[in-house]
Amino acid sequence: MRRGLEGRGAAMENDALQRHYENLACEGGFEARCHMELPERSLVGARVVNVGCRRGKGTYKLSEQVGESGFVIGADWSEEFVEAARAGAPKALDRSGLSRCNMAFRVGFPEDLAAAGIEEGWADFVYLNSSLSLFASPARALRECCRVLVPGGVLLAEVPVAAPGSVDRAAIVEAARALPNAVQAAPTFEELLGWLAEAGFSGPTVRSERPLSPEEGSTPDRPAATVPGDAAAYRLLSLEVAR
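Numbering (UniProt numbering), first residue to last: 1 to 243.
Hints should not be assumed to be uniformly reliable.
Below, computed lysine to any residue pairings styled on SDA-like, alpha-carbon distance capped at 25 angstroms [unchecked claim]: (1) K57 <-> R86; (2) K57 <-> S96; (3) K91 <-> D112; (4) K61 <-> L179; (5) K61 <-> A242; (6) K57 <-> E22; (7) K61 <-> G117; (8) K61 <-> G88; (9) K57 <-> S99; (10) K57 <-> E13; (11) K61 <-> A171; (12) K57 <-> L93; (13) K61 <-> L98; (14) K57 <-> S218; (15) K91 <-> V44; (16) K91 <-> G70; (17) K61 <-> A89; (18) K61 <-> D112; (19) K91 <-> V150; (20) K57 <-> L38; (21) K61 <-> E40; (22) K91 <-> L17; (23) K61 <-> P39; (24) K57 <-> R210; (25) K57 <-> S42; (26) K61 <-> G229; (27) K57 <-> Y21; (28) K91 <-> V107.
Ranges between beta-carbon positions, derived for each pair [unchecked claim]: (29) D94 <-> A197: 41 to 47 angstroms; (30) R95 <-> R207: 41 to 47 angstroms; (31) A16 <-> A170: 19 to 25 angstroms; (32) S208 <-> P151: 37 to 43 angstroms.
Since the hints were made in silico from the structure, they are not lab data.
As the structure is a prediction and not an experimental result, all values here were calculated from the model.
For every residue, glycine included, the Cβ atom is placed at its ideal position computed from N, Cα and C.
Please build the complete structure, drawing on both the sequences and the hints.
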């Protein structure tokens, strides 16, 4: 009986995750998030997981960095996007000049990378683009990132953080997640530190940071939709965080 109840509980949880991510559906990436900035460190020969890979462009870039001796798994919750990423892989390999395929794409939620077949301790690096604040459970997603890393492995992340103003922060975050706007849904730096520590990571190293506008994102032809009346200031942090 216990096993049956656990199975129904897992199914209900997956249904809730599915509903959350279906509400985030859009044509490409999320509008209000930042372009992928690859780390300066060498990734040659590394095994990397790209969480929330969307249509695969970031994974293609990472495959060039790890080279033929490395491997990259792109994971995304959208079967449509994963299929598109797989379809584009041969052209990406031709452009990079690699003689063998060094990437794979799997369907899975950020909160459940095991469902995407990513084993504990498989990855040297996990790459996480700037949409963490829109995940169903950012804290749980970070726990999964930690789980799939080898001991001493590194999370490479771009994360918007907020310095709240006088306006009710919780209301802004709720409205921003509904848009979705990953910048205005951002945690404070203190909240992010709490998530990382709870997941099992050490203190982060900030590689770089810059001011960030709520209108900034992946749609250069138009500003992203924003929540009005927001008094917070935002920064984009590029982080390296060791397990």
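Against the structure, the hints come out as follows:
1. K57 <-> R86: holds (11 angstroms)
2. K57 <-> S96: At roughly 13 angstroms apart (the allowed maximum being 25 angstroms), S96 and K57 satisfy the hint.
3. K91 <-> D112: violated (29 angstroms)
4. K61 <-> L179: violated (28 angstroms)
5. K61 <-> A242: holds (22 angstroms)
6. K57 <-> E22: Measuring from Cα to Cα gives roughly 21 angstroms; hence the hint holds.
7. K61 <-> G117: holds (22 angstroms)
8. K61 <-> G88: Holds. K61 to G88 sits at ~12 angstroms (cutoff 25 angstroms).
9. K57 <-> S99: holds (19 angstroms)
10. K57 <-> E13: Not satisfied, since the Cα-Cα distance of roughly 29 angstroms exceeds 25 angstroms.
11. K61 <-> A171: violated (36 angstroms)
12. K57 <-> L93: At roughly 12 angstroms apart (the allowed maximum being 25 angstroms), L93 and K57 satisfy the hint.
13. K61 <-> L98: The given pair, whose Cα atoms are some 12 angstroms apart, holds under the 25 angstroms limit.
14. K57 <-> S218: At roughly 13 angstroms apart (the allowed maximum being 25 angstroms), S218 and K57 satisfy the hint.
15. K91 <-> V44: holds (21 angstroms)
16. K91 <-> G70: holds (18 angstroms)
17. K61 <-> A89: Judged against 25 angstroms, a Cα distance of about 11 angstroms means the pair holds.
18. K61 <-> D112: This hinted pair holds, its Cα atoms lying about 24 angstroms apart.
19. K91 <-> V150: violated (31 angstroms)
20. K57 <-> L38: With a Cα-Cα distance of about 12 angstroms, the restraint between K57 and L38 holds, given a limit of 25 angstroms.
21. K61 <-> E40: Measuring from Cα to Cα gives roughly 13 angstroms; hence the hint holds.
22. K91 <-> L17: violated (32 angstroms)
23. K61 <-> P39: holds (11 angstroms)
24. K57 <-> R210: Satisfied, since the Cα-Cα distance of roughly 23 angstroms is no more than 25 angstroms.
25. K57 <-> S42: holds (19 angstroms)
26. K61 <-> G229: Not OK: K61 and G229 at ~37 angstroms, beyond 25 angstroms, violated.
27. K57 <-> Y21: holds (20 angstroms)
28. K91 <-> V107: Holds, at about 21 angstroms.
29. D94 <-> A197: 41 to 47 angstroms: holds (43 angstroms)
30. R95 <-> R207: 41 to 47 angstroms: violated (27 angstroms)
31. A16 <-> A170: 19 to 25 angstroms: holds (21 angstroms)
32. S208 <-> P151: 37 to 43 angstroms: violated (26 angstroms)
Violated hints, listed in ascending order, are 3, 4, 10, 11, 19, 22, 26, 30, 32; each of the other numbered hints is respected by the structure.
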